[in-house]
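Using the sequences plus the hints, can you model the full thing?
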Amino acid sequence: MDLGVTWNNTFDKLTLDIGYYPMSDPQLIKYSSLASSRYSYDVVKWEEKADANGNVEWGAGENGYDEQHQFNLRAIYALENIGDFGVSAQYGFLKGTDVGADDSGNHYAFSAHAKNTFADFTLFSQFSYYAHNITDDTPWGTGDLIPMGAYDFAWPIASTGLIPALSLRYGGIDTSGISWVDSVTPYVEWSTILKTVEDYNASTLITVGASWTVLSNLYVYSDIALSDGNFFVGNTGDDYGNILTGVNHVGANGNNQWHWRLNFNFGYYF
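Heads up, the final residue of the sequence shown is numbered 273 in this note's numbering, and it's a clean run with no missing numbers.
Everything labelled a hint here was simulated from the structure, so no lab data went into it.
Keep in mind the model is a prediction, meaning the values are calculated, not measured.
Where hints are given, some of them may not hold.
[Claimed, not checked] List time: in silico DSS-like cross-link candidates among lysine-lysine, alpha-carbon distance up to 27 angstroms:
1. Lys98 with Lys52
2. Lys33 with Lys52
3. Lys118 with Lys16
4. Lys33 with Lys98
Structure below.
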């Protein structure tokens, strides 16, 4: 979670959220990566370089970008018996380290989103566009990719992309006959990252599962995910020696194979 301040208010049917984040979440504990020991993804610095063909030189020295002075705005308007409709915008700056003569950059994103309910079904829909504007003279050989990191590892993602996404949930299951189960909500979700670089493969993620509330305080997610471009859904054939052809990810996605993952996530709230 980025470090910053937020303001929100509701004016009849209109809800406004405004945020300012002077920096990304600070890295308080350093492990093996330079700046990716964090729980949520951010543009980060790393220690790798790559040539024009994408071949990686590991441990070549600190380089990359830091996020600075990010502004967020979201507006949602509720239409009775129809749904909630909103738009979001984000703008921020990027500070470069060892990225050539032009060490500045910026990033922005726009999104339109909606929440609609039909009987016991709830549909969330969203269409987003994002862009990171940086120099092409980067240590990894292109401005079409930018290192982003979390969970103690960084790898270049596509600098610009379009993301359509849908999430459908069903809330009509009666669990009153099972004393220890408070609710079960099945869901199916789909999203695709469409890169603006013609040679980059799209990255699609499909998830089918259910969320459970058990014994009032235990929350469980159980699902199966299918993807042809996601770090956390299989790594068959991945080769981290090349940023263009080697890895199944949201960057160039050169290893454009379908993988699957079975996931169980438990959280106890008190």
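Structure-based check of each hint:
Restraint check for Lys98 and Lys52: the C-alpha separation of about 18 angstroms stays at or below 27 angstroms, so the hint holds. Under the criterion of a C-alpha separation no larger than 27 angstroms, the hint pairing Lys33 with Lys52 is consistent with the structure, at around 21 angstroms. Note on Lys118 and Lys16: the hinted pairing holds, with a Cα-Cα distance of about 14 angstroms set against a maximum of 27 angstroms. This hinted pair checks out: Lys33 and Lys98 have alpha carbons roughly 20 angstroms apart, not beyond 27 angstroms.
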